[in-house]
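K.L.:
Top line first, the protein sequences correspond to chains R and B. Position 122 (the first sequence) corresponds to 122 in UniProt numbering; numbering is contiguous. Position 221 (the second sequence) corresponds to 221 in UniProt numbering; numbering is contiguous.
Treat each hint with caution, since some may be false.
[Stated by the list, open to error] Covered by chain B, according to a simulated footprint, are these stretches of chain R (three or more residues, beta-carbon under 8 Å):
#1 52-64
#2 97-106
#3 161-174
#4 252-264
Quick caveat, the hints were computed from the structure, so don't treat them as lab data. Remember, it's a predicted structure, so these values are computed and weren't measured experimentally. Positions of the beta carbon are idealized from the N, C-alpha and C atoms, including for glycine.
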Amino acid sequence: MKGSILSFEQVTFTYVPEDEAVKPAVSDLSFSIGEGEWVALVGHNGSGKSTIAKLMNGLLFPQQGTVQAMGLKMSEESLWNIRSQMGMVFQNPDNQFVGATVQDDVAFALENNGVPHEEMVVRVRESLQQVKMADYLDHEPHHLSGGQKQRVAIAGALALRPRLLILDEATSMLDPQGRREVIETIRELREATGLTVLSITHDLEEAALADRVLVMNAGHKQMEGTPDEVFSSGEELTEMGLDLPFAMRMAGLLKQAGVPMTGESMTEHELVEELWTYYSSK
Amino acid sequence: MDILLKQVGYSYAKDTPFEKRALTDVTLHIPSGSYTAIIGHTGSGKSTVLQHLNALLQPTEGSVLIGERKIEAGTKAKNLRDVRKKVGIVFQFPEQQLFDETVLKDIMFGPLNFGVPEEEARRRAIALVEQLGLPEGVLEKSPFDLSGGQMRRVAIAGVLAMEPDVLVLDEPTAGLDPRGRREIMDLFYRLHQEKGLTTVLVTHSMEDAARYADTVAIMHGGKCVATGDVRDVFANEEQLGDYRLEPPRTVRMQREFEEKTGLTLDELALTEEALARSIAQALTEGREPK
Chain R
1 MKGSILSFEQ VTFTYVPEDE AVKPAVSDLS FSIGEGEWVA LVGHNGSGKS TIAKLMNGLL
61 FPQQGTVQAM GLKMSEESLW NIRSQMGMVF QNPDNQFVGA TVQDDVAFAL ENNGVPHEEM
121 VVRVRESLQQ VKMADYLDHE PHHLSGGQKQ RVAIAGALAL RPRLLILDEA TSMLDPQGRR
181 EVIETIRELR EATGLTVLSI THDLEEAALA DRVLVMNAGH KQMEGTPDEV FSSGEELTEM
241 GLDLPFAMRM AGLLKQAGVP MTGESMTEHE LVEELWTYYS SK
Chain B
1 MDILLKQVGY SYAKDTPFEK RALTDVTLHI PSGSYTAIIG HTGSGKSTVL QHLNALLQPT
61 EGSVLIGERK IEAGTKAKNL RDVRKKVGIV FQFPEQQLFD ETVLKDIMFG PLNFGVPEEE
121 ARRRAIALVE QLGLPEGVLE KSPFDLSGGQ MRRVAIAGVL AMEPDVLVLD EPTAGLDPRG
181 RREIMDLFYR LHQEKGLTTV LVTHSMEDAA RYADTVAIMH GGKCVATGDV RDVFANEEQL
241 GDYRLEPPRT VRMQREFEEK TGLTLDELAL TEEALARSIA QALTEGREPK
């Protein structure tokens, strides 16, 4: 793995430290994200995902352990520097628009950071091209679909040229088409630029595209591995309130119904192939 | 309780320069005791239809019959208390509407407002907290100290506490984790059956529509373009495609399986469990020497 962009070392955080009955929202958590990786952080509601996001950008500070980002230890002094190198996209597309047009919106943070006008024009155009929204420069954000809004939000983050893009449940409020658009955008962006991405999600189709998956359960890191490794743990995931991809759920149900299945099919297409092979082998 | 939309048209900001038409000539019958899913692309008018179901919006053309009560275009409907009491709406992200100091007070707010005695309102709140799988200690907590998933459940409890006859659900599980989604949808279904509720589900999830609904209505461009039995609607892939919708995954897999193997399953499988059973059966029969 290349240099680490973000790491947690034995981080524990409690919202109510004075009350011992209250369990920590995150306990003894260690992980590291290397430059150029796509990591998915998954877990049930209340598993600590949102707390981790707030610890990552210095909205919260841990009671124990350290958070390091961009080679700096997170502190009151370093957090502005760290934040300037992180782009974040949140869940609700309607809560993060400030500009009257798409290009104004993308330019907003650049303006705040004192980027000169000529440079700004170039960056706005470039980042909107990266999310395939360059044709919408003068559109009003509220006339866009959910997926388009989130792509503009991603462009706004990209315009700042971050080293790490954090997607905090960025697809969970979208319809299936919007979700696909955004996931496809991230995939293409990664292919083109090798940007480091952390997606916090419980959409397993999204997690399946990542290089590595971290599974959180009740504040602890329960599993870590490639999507294949994590999904192969089957029941352990469902017990944690998560789900398996469709093809794997179907394989399990078919097995229960008496069809011998290898459990190796990861897509519904492979699954149908496997059923056909079985059927034609009589 | 029956709800009947008759040639309903609706324009936002009517008679102003900002007038925007949302619904055109929508006729939709929701029979008492049915479970109806309203599906359609973003911007198709689903949410506008939903707000007519308890007269939050009043039609600018046509009429809406909610039980005995008729809401007509052109006449200002007054005293809608009864309608609101009988038709409960769980909006998208209902946790944004939580406001009270404690979970208990928040859940009791609706029933108290509709004149339910305090003891009864309290009894309902306590029962609902348990039904929704929330820990008992939650009642005295501030709703804002809960996790997102718990807040959602509290907000849903607040609607159920009014014991409506008709339950209208607008993407009630968006943003929840898979288990939470399944638990809440199963709970709605159980209530639907046990209490004989009339349920309307507005959703993007074709899988949820297939699993729970008996009737499906398709909205497109502000019109209700099709209604029918859930199997008929989802078997008609061409029609779904016309309205930029996809059949549920189970249906897509069934079609692929049938095409590949040349076997035909008995009927359209609406759930993953049913699909697995049908495939197993077809394979067994297909493998037997004839």
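K.L.:
The structure should be examined with respect to each hint, and the outcome stated for every one.
P.N.:
A quick look at each hint next to the structure:
1. 52-64: Three-residue rule not met by the region 52-64 of chain R, so violated; n is 0.
2. 97-106: violated (count 0)
3. 161-174: holds (count 3)
4. 252-264: Our answer is that it holds, as 6 residues pass the Cβ test (under 8 Å) against chain B, meeting three.
The earlier numbered hints that this structure contradicts are 1 and 2.
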